[in-house]
Amino acid sequence: QDKTIYVAAYGGSFEQTMRKEVIPAFEKATGVKVEYVAGNSTDNLAKLQAQKGNQQIDVVILDDGPMYQAVALGFCADLAKAPVYDQLYDLATMPSGKAVNFGAVGTGIVYNKTYFEENKLTPPSSWKDIEDPAFKKKLVIPPINNSYGLHALVMMARLNGGGEKAIDPGFKEFKDKINPNVLAYEPSPGKMTELFQSNQAVVAVWGSGRAKALADTGFPAAFVYPKEGGVVLGSAACQIPGSKNAAEAQAFIQHMLAVEAQTSLAVSAGFGPVNKTVELPADKQVGIPYGPEQIGKLLVVDWATINANREVWNKRWTREIER
Amino acid sequence: MNRNGPLALIFNALFLGFLLAPILVVCAVAFTPDGYLSLPTKGVSLRWFKAIGDNPEFVRAFKDSLLLGVASSTLAIIVAVPAALAIARHKFPGREAVQALFLSPLMVPHIVLGIAFLRFFTQIGLGGTFVGLVLSHVVIILPFALRLILAASTGMDRSIENAAASLGASAWTSFRRVTLPLILPGVASGWVLAFINSFDEVTMTVFIASPETTTLPVRLFLYIQDNIDPLVAAVSALLIFMTVAAMLVLDRVYGLERLLVGRGRD
Amino acid sequence: MRAGERWSWTPYLLSLPGIALCAVFLLVPLAMTALLSLNSFSFYGGIADVWKLDNYADILADSYFHEIFLRTFRIAALVTLFCAALGAPQAYILRRMTAPWRSLCLLIVLGPLLISVVSRTLGWALLLGSTGLLNQGLLALGLIATPIEFMYTETGVVIALIHVLVPFMVLSVWASLQRLDPQVENAAMSLGAGPTTVLRRIVFPQIVPGILSGSIIVFALAASAFATPAIIGGRRLKVAATLAYDEFLNTLNWPLGATVAILLLLANIVIIVGCNRLVERRYKQVFE
Amino acid sequence: MPYLVLDQLTKRFTGWTAVDALSLTVEQGELISLLGPSGCGKTTTLQMIAGFLDPNAGRITLNGQDLLAKKPNERGLGIVFQSYALFPHMTAAENVAFGLEMRNVTRADRDRMVADALKLVGLDSYGDRYPRRMSGGQQQRVALARALVIKPNLLLLDEPLSNLDAKMREEMQIELRRIQRSVGTTMILVTHDQSEAMALSDRVVVLNKGRIQQVATPQEAYDRPANAFVANFLGRTNLLPGLVEQTAQGVSIAVADARWPVLQSVPPGPGALAVRPEKISFVAEAGLSGIVQARVFQGTQWLFEVETAAGRMMVIRQHDGGVLPNERERVMVGWRPEDMAVMPAQEAA
Amino acid sequence: MPYLVLDQLTKRFTGWTAVDALSLTVEQGELISLLGPSGCGKTTTLQMIAGFLDPNAGRITLNGQDLLAKKPNERGLGIVFQSYALFPHMTAAENVAFGLEMRNVTRADRDRMVADALKLVGLDSYGDRYPRRMSGGQQQRVALARALVIKPNLLLLDEPLSNLDAKMREEMQIELRRIQRSVGTTMILVTHDQSEAMALSDRVVVLNKGRIQQVATPQEAYDRPANAFVANFLGRTNLLPGLVEQTAQGVSIAVADARWPVLQSVPPGPGALAVRPEKISFVAEAGLSGIVQARVFQGTQWLFEVETAAGRMMVIRQHDGGVLPNERERVMVGWRPEDMAVMPAQEAA
Ligand SMILES: Nc1ncnc2c1ncn2[C@@H]1O[C@H](COP(=O)(O)OP(=O)(O)OP(=O)(O)O)[C@@H](O)[C@H]1O
Ligand SMILES: Nc1ncnc2c1ncn2[C@@H]1O[C@H](COP(=O)(O)OP(=O)(O)OP(=O)(O)O)[C@@H](O)[C@H]1O
Ligand SMILES: [Mg+2]
Ligand SMILES: [Mg+2]
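If you read the sequences in order, they're chains U, H, X, L and Z.
Under my numbering, read the first sequence as residues 79 to 401, first letter to last.
Under my numbering, read the second sequence as residues 6 to 271, first letter to last.
Under my numbering, read the third sequence as residues 123 to 410, first letter to last.
Under my numbering, read the fourth sequence as residues 170 to 518, first letter to last.
Under my numbering, read the fifth sequence as residues 170 to 518, first letter to last.
Honestly, I wouldn't trust all of these hints.
As the list claims (entries may be wrong) - If you want the footprint, here are the derived chain X segments under chain U, 3+ residues with CB under 8 Å: (1) 289-302; (2) 357-368.
To be verified - In silico DSS-like cross-links for lysine-lysine, where the CA-CA straight-line distance does not exceed 27 Å: (3) K336(L) x K378(Z); (4) K214(U) x K253(U); (5) K96(H) x K98(U); (6) K378(L) x K288(Z); (7) K198(U) x K47(H); (8) K174(X) x K393(U); (9) K305(U) x K362(U); (10) K55(H) x K98(U); (11) K336(L) x K336(Z); (12) K198(U) x K250(U); (13) K106(U) x K159(U); (14) K174(X) x K96(H); (15) K81(U) x K106(U); (16) K130(U) x K174(X); (17) K336(Z) x K378(L); (18) K111(U) x K68(H); (19) K47(H) x K191(U); (20) K288(L) x K240(Z); (21) K243(U) x K305(U); (22) K96(H) x K239(Z); (23) K240(Z) x K96(H); (24) K81(U) x K159(U).
Read the hints as simulated data drawn from the structure, not as lab findings.
Ideal Cβ placement from N, Cα and C applies to all residues, glycine included.
With the hints as constraints, model all of the structure from the sequences given.
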């Protein structure tokens, strides 16, 4: 093996799946060695920026939000054309054509089933349910620099007559109705799990994949898409410009979109497949956005508008909500 | 003999209790049979300790961390001892500036250092190397080593060193045979603090560790990306047990008392 | 310094390795950070190579940042105070213990340092949470009616930081206690000084170097602490380090983050060097 | 009523008995000296009285009260440490003032008393100096002033004058004596200087290996030592072999070519006689003849080593201007029968 | 060639001159004592010779070589510190062995020499003990053994025997003398014990306030002090006022009701006479009459305080069994004209 590509991507169960299933298959097929640089989206984005002009990484995998920013900052090269791209759902393609979503999860509401049963509460069914005073200091929402939190903000704006272009109602709703319920604005998934496990939190706005992972530990966690609709959160990959192994990098991205890898990621890591041709057995479909119907129901947010306003929103968020 | 009064012993007990409480909780959690953190646990099981064995990258990361900790804290001590002696013994122009310089790593958030080191190392070609990792760790743990050695060596009786010189000991010998043993408790605790801080560092290391040189805290940090489970507690508990074992061995071989208290003292 | 000592190169030679190391591996990165803090940032444009003091002006003018810095140093000061108040007596008690116990207790003090901040704070969360052991215990005993909020409060952050940092104080004081002559304490007692007076008038002034060292470490670490405030304090209780972290990682606004860091560093140095100088002057005798 | 009573006091360090069942009674206002070879337990004894060491056995009562039940700071006694134990972070004046502060003496009184005490020890102008910047003797005097200024009822002095020159030592001795007389302070003095002990003490306590050998007035202990150890420890003694014989004129002892009448009752046969060097004089006749091997000037007196047929002898003569033999000179030494002690040979061995 | 030369040596501490232009020449194999009141600069002088303090001015040469150019550890001299300065982390044996290790003495030799040295100071069985567990005198002896064992050419002794009892001190003195004689070690001894200085030294150096007052043999300094300070510092002196008169028989001095011929040439008029206590004896006639105020036992001698018409006088008499007056007894004291020094009144003031 003379060629090595560096892939920067998430740690945790995703890393396990990649190392055990996706990467070995790729290495076997191509003879290219893959080094896995683990880190969360923000860390990896920061690494890209730090090594700007001197990149050590060939492929980066980020949440769709940060990926938009990475593209904007010029950290992504154009994707090479390949047949596999034709098999993808629409939401997989990103407007710029420099990155591709290879998996999707939905943002919805997670709650502690046992707690709800014991306290005779009805499970949440609407985004509005998180405003219920019964959840005083029992609700956790990631902050808006995290996609889940951003989705929640956008949804609150939409439900109150606004939207990406008119975010004010969302802020107002958070400030007046949601804030009293919020135990913490917690971005770290680990911390979130811990808050559930220690019973400090019973409801949260979170992703389907995270909820699945939590439930898989045996914890009585349940996940619902609110009736107004869940929001799709993509995981995207792109090739770093100036990579010495651009072809291999592109091949790796294509490999991840292929049926085999898509199935592995769905089964082991809870990523909804973006490849239409993937078929999952019924028992593996639980908790994963799967199939045209489910995927179609998921709402998509307008990243262009969001990114244009993100700085302002962030500032406003830290000053008005997180204070 | 000045013994501790009952009040002092109560204080001691409360203090140690305070220090131990969260650790005991973590250790207790490590034995849970459940798949998630819960207290009190429903039973006792070693499943999470077994799980460590299933994650070979933890073992590798542990070795890397150990090596990194030992290398960087030893280097830090080697640099800190003469500097501490200079600061403790001499009043020279620039003394305060030197002190501030050596202390500044403590005052910068590690995330900032992490990014700065990453940028710097990438430019000088040390990016992702073990050497770079060690050097950056030396810099951030230097203050611990320095301050502790400084505390031990300010106000030391100079006539004892004079005695050594009068018996023919060169500066180096006198340092090795007299000064060093006398400040050994400070050096030892300085080393321990430095080691621990290097061993524990994650915020900065995340950025400068490469796939080949990933430390245990970084591994743990990545592991709890999407899920926190009792494995983290088990790793911590295991570390504690290993530390205790190491201490016992050290006590047998060298004598803890001698190391932390110094020879010939009561 | 020995009286009448001539100017010599010795101290410079002795500190040379340290200075060299720090100059290359600390000053360069710090200088890069300082330069970075002069740049500007936009979401789409990234970092622009302009050289302006805009970031500083922004921070100095914004009450949001004032509040965060104020909180940071308030927490650091409180933690330092408590660490000194708890750690110094503990070190003293340790010294007065007999042989096997002393090493044992010293190890227990070191113990908390040995496990990572993440799992330590995990332990705290389990203990201090609204459903944690402490609150459960207090509720069961009927001492309180509703759980006390420790998590996501300054109190919680301070407690957890004390836990993390107090060993530094104990060790540092311990190192300087080693030099004390027990007969000197005896002398004070024979003159009629009770245990507290001995502590206050005889022991304390002599271990000031140790307390100072410990305080400096604790203060600096508390002021730049990230993990504990982030985990126990959450996002609503931001401190300077979490702020810098956010700017660096979440908004990628490095220039602003760098500005925060530089300001934090400067404030720290001013406070610490100032205190150092004050204390060294006040207790001149023990520093010679 | 006895003032201070030590009853069967015992202190063992790991594997070492430093003080062994020591019993002693001290009267109020008395000045007692502890004498004994280095390491015999003098400091240990004082430390137990002061409360810094817990005895393994035995009791101490002061004025009828159990002293061991009290904490060191409640015992109200003064102590001068062998190692001074000055507070390194306080000036001389602050060191001296400390005990007064503890007694809540008002500022003005305190300043005055401190100044007086420093003056007493000849350090009037050194009040502002830190111990580190003082000479050994100056430090010792600060330690002394610190203990004296609080005017304790019981003063423990552990070689308090060992680093002072003769002049200063004498002044301090007189001062101690004055304080003892005027204030009625009870003092226990440890000293290695025998003339100091002799000159100052009401009684001396001779210790060896943690055990009391003799308690007596200085002269008594000197002239009538309880045992060979005391005799040897206090001053020097010449021990000569001789033959005790019953003659017509009574019992006498023959030493080499000379003979002395024996006043004690000693059985005839091989014997030994002990005589102190200062009791020996150079005589014209009827003495032991010998040759001066060395003469050593000692200030007020001369020490001679004389080689006689009975062995080497030490002779002390006052430096009073009289004619004294030179080295290598042939002399004859003699002493009065009442100044020597005669014993059977085996006892002297 | 002189062995050690101190030339205009000066040491100033901030605002304090501890040693002031001190010049001294020491011959090889000589034993010189530094005498002087506490704080006069003795320790400071030794520390400069040893190289622990840098003089502000002046030079030191040893064997013709500039000593100041050498580092302390290259000067090859031995020193016993006033404060012992033992290595607290080493046992007694390790302390003593240190200097030998530095000289690369083989293990076997070293063990033997250490054992010998410890035996010499009477600590054979204390080799394994740490300084903290030793008595003051034992520590001092370790310090002595540590300096002696390396057999230095120049040995600086700063009150090396101050914490030892008379017996032990005497043994050590003999030992020092023996080493000096047999090995030819040059020694500079600081001691506050005058009889020690007198007995041991070839010459004594009397210092005051950092300045040399007199350098002479002990007896010379004692009997012919260079100035009033030396006279007063070495031994005691009685100073009596009198009237110097020219009579038919020559010059004489009248003191109260008695009169002594004056051997020096002193102008007539008010004068003073100085006479040492041990030169005074109790006489039957032609003396100064007075009353014994106190008699103090000092072991080999008695000290009397006699109140006479000319003032209070001190008298020393040997404890040789002779009849000595009691307290409150009326006596007459006298001395030989050659034992007194007479001077005009203003000089004595
Ligand atoms: N570091 C210092 N700073 C200022 N003055 C000092 C210092 N060291 C010593 N002195 C002063 O210098 C003088 C000489 O001190 P030195 O120790 O030489 O006296 P000494 O003759 O050895 O006296 P002693 O017999 O009491 O030991 C003393 O008056 C002392 O107070
Ligand atoms: N902490 C200790 N541990 C063990 N032995 C000790 C300790 N302290 C003293 N000793 C021993 O106890 C004995 C008595 O010591 P102490 O200090 O009472 O002697 P001292 O009579 O004061 O002698 P010096 O005249 O030399 O000061 C000594 O032999 C000493 O070695
Ligand atoms: Mg003693
Ligand atoms: Mg001295």
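Quiz item: Broken hints, numbered, in rising order?
Solution: 1, 5, 12, 14 and 20
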